[in-house]
Amino acid sequence: MKALLICPAIRPAVPQLSEDGPLALAPILGEGIVSHWIEHLALLGAREVRVIAADRASLVRAALGDGARWGVRLEVLAPTVEPTVAEATARYRTAGEAGWLPAPHDVVLMNHLPGCAGLPLFESYATWFAALLAWMPRALTPARVRMTEIRPGIWVGRHAHVSPQAELIAPCWIGDQVFVEPGAVVGPGAIIENRSVIEDEARVTQSWIGPDTFVGPMTALASSLAWGSSLTNWRTDSSLQVPDPFLMCSLAPPAAPAPEESARAGWAPAAAVISPLKWLGSWREPAHRTQNSNPPA
Amino acid sequence: MKIEIQGECLRISEIQELTAVNSAQFRQQVNAALPGSPATIEIDLAQTRFVDSSGLGALFAIYRATAQRDGMILRLLNPRPEVEQLLELTQMRQLFDIMPR
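Residue numbers (the numbering used here), protein chains in the order written: chain A, 2 to 298; chain B, 10 to 110.
Residues from chain B that face chain A, not an exhaustive set, calculated with beta carbons under 10 Å:
#1 F59
#2 V60
#3 D61
#4 P90
#5 V92
It is worth saying that the hints were derived from the structure and are not from the lab. The beta-carbon is built from N, C-alpha and C at its ideal position, and this holds for glycine as well.
Looking at chain A on its own, in the form it has when it is part of the complex:
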């Protein structure tokens, strides 16, 4: 059986989610959206899935591989513009061809999670968070043997360290290799993605903490989406870059330079002479000096 998956390209209402990668790979309970969909389609019987990714297709291709992980044959296509369902059907599916999953699973636009069509992901940060909370009880699919529901509504991942002095309040999700330190309160309505650290006495309620994120001691996150040093209040859509890493910061290793950047590194001595002149000619206010990514109220 075959299926087409259309990755969402740009969604202006949720820019923070696609800052460092395409929306299709935005992490939801330990996996990218596209992974949840491929797993769902594979369970429905799909053996051939074509993923249409208009935004950063090379990253999607690298993350998914050949699909062997799900027992499917996978191909990632890279059109310049995100097609609608009708356009994708016309372009990539021969009319009357047999061997496709029945509608609506034959051609899917990933604007929601599997089985949650009434919960759009990308209309606002609030809808994103609501969809994640609704997805939490469904995320424990047969393929996810490493996640354990330790108490009703509390899921803890592989190699997660939760201090006995920390308090977990359902519903909450603690991802793989997460640390929750003494005195921390996580939940209700908290999702901590993989490899994040919640320090002593920190409080996380009704919030999503992205992967590789440090939440410092005594900090309080409520109604927030926090990823690295980016903090967004999903109720008000207000965003800021937290200026002090002891409050919140990214723990992710710096990205490896792109091949063209590596090639340029060989010219470093010449660049050292040239760059002050260039800097004088193009000085501008550093981007990190503004906390507000939204227009003034």
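The hints should help you fit chain B onto chain A, whose structure is shown.
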């Protein structure tokens, strides 16, 4: 930064940012202007676009100075949403009487 005294109200406004660069000066100027008698202190943050931990430290120092004086009221006026977020993140929001925009 502008400091005005209107009757028994000390009003500080036109603060572009509160950071390691200007927080010490901010504290000194506000402490020097603190009235001796019961009064109201209003810090208008409408124009404050950037606050870091030093700025939060300065606000906390003023909070402590006013808390030691009976009857003195401290208010933060019109903080921008991102400054309010920072106050919430650091749990300092509960210390202040905040009058929203």
